[in-house]
Each structure stands twice: as structure tokens, then as C-alpha cells.
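FYI, the numbering for the sequence shown is 1 to 135, going by our numbering.
Fair warning: there could be bad hints in the mix.
So the derived label-pair ranges between C-beta atoms look like this [as the list claims (entries may be wrong)]:
# : residue 1 : residue 2 : range
1 : Y25       : I122      : 38 to 46 Å
2 : L104      : D74       : 19 to 27 Å
3 : V41       : F113      : 19 to 27 Å
Within a straight-line C-alpha distance of at most 20 Å, the following computed EDC-like cross-link-like pairs (lysine to aspartate or glutamate) qualify [stated by the list, open to error]:
# : residue 1 : residue 2
4 : K27       : D74
5 : K27       : E86
6 : K27       : D10
No lab work stands behind these hints, which were simulated from the structure alone.
Every residue gets a Cβ at the ideal spot worked out from N, C-alpha and C, and that includes glycine.
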Amino acid sequence: MLGGILIFLDSVLHSLGATQTILPYAKSYANIYVTGSIINVFTVTMNNLLTAQGATKFTMIAMLTGSITNIILDPILIYKMNLGIEGAAIATVISLCINMALYLGYIAKKKGFLRFSLKNIIFSKSIYAEILKIA
Numbered sequence: 001m002l003g004g005i006l007i008f009l010d011s012v013l014h015s016l017g018a019t020q021t022i023l024p025y026a027k028s029y030a031n032i033y034v035t036g037s038i039i040n041v042f043t044v045t046m047n048n049l050l051t052a053q054g055a056t057k058f059t060m061i062a063m064l065t066g067s068i069t070n071i072i073l074d075p076i077l078i079y080k081m082n083l084g085i086e087g088a089a090i091a092t093v094i095s096l097c098i099n100m101a102l103y104l105g106y107i108a109k110k111k112g113f114l115r116f117s118l119k120n121i122i123f124s125k126s127i128y129a130e131i132l133k134i135a
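Build out the structure end to end from the sequences listed, making use of the hints.
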């Protein structure tokens, strides 16, 4: 899926309204962000799961931590390190990684109902075939 988006990135960005002037900047940002978007999917999913468990204070703190990290890193990466638009994308992915680490830490401490275990992972061609049909 991510590969498809990256292959057709110009078309996707044009369909979202990118003009020829903005397209190079949008591509620079999107190449980095799309690659890290699986982390965003994880953090949004975990946020919703933990909110449903009643951990609203924790999810708010996790989201604020990621947002504040992004706010702090943006000017550093964009201006101080001269990374421009790529710096903004990197800052976003780093902040998502921090969110992910907070959510994984919450689950590792077994504070909620949700548990992850490697022994529960089953590699089955039929299961992965169904997943790929949907994705």
C-alpha cells in the first residue's frame, strides 16, 4: 500500500490540490511522512483503544507530548539544521515515534486490558491473504 502511494505520489498530490509550485515541497514532505505513516496508524489505533478503556488522561498526555515534541523539533530541524520541509516531516515522524513509545510503555506495564504477546502471533497464509484483500 505504501509502495503504491509512493509510486503514484505525484498523482495523489495533484488530486489533493498540489500545484506545480507546491508539488516539490509536498513530495519532499510526503516521501518522509508516508514512509513513517504506519507509526501514525499505530498511534491513532492505540489512542482509540486506550480511550475506550478509560485511559483518557494518559492518551491526552501522550498526544500532548508528541505535539509539543513536534513544535520544539520543527524550528530546530527546519532552520538550525537547514533541512527545510524535510525537517518538518522528520520532526513529525519523530514525534509519532515518541507517542508510539509511550503507548508501548503503557501496554508493557500492563495498566490496561490490552496485552501483546509474541506467542499469540500466528503466521497463516489464509489470514494474511484476507488482510491483503482488504488492504
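Verification of the supplied hints:
Our hint of 38 to 46 Å for Y25 and I122 holds, since their Cβ atoms are close to 43 Å apart. A hinted range of 19 to 27 Å holds for the C-beta pair L104 and D74, which are about 24 Å apart. In this structure the supplied range 19 to 27 Å holds for V41 paired with F113, their Cβ-Cβ distance being about 21 Å. Pair hint K27 plus D74 holds up; C-alpha atoms about 18 Å apart against a cutoff of 20 Å.
With a C-alpha separation of about 9 Å, the suggested pair K27 and E86 falls inside the 20 Å cut-off, and the hint holds. Annotation: proposed proximity of K27 to D10 holds, straight-line Cα distance about 7 Å (limit 20 Å).
Violated hints are absent here; each numbered hint is respected by the structure.
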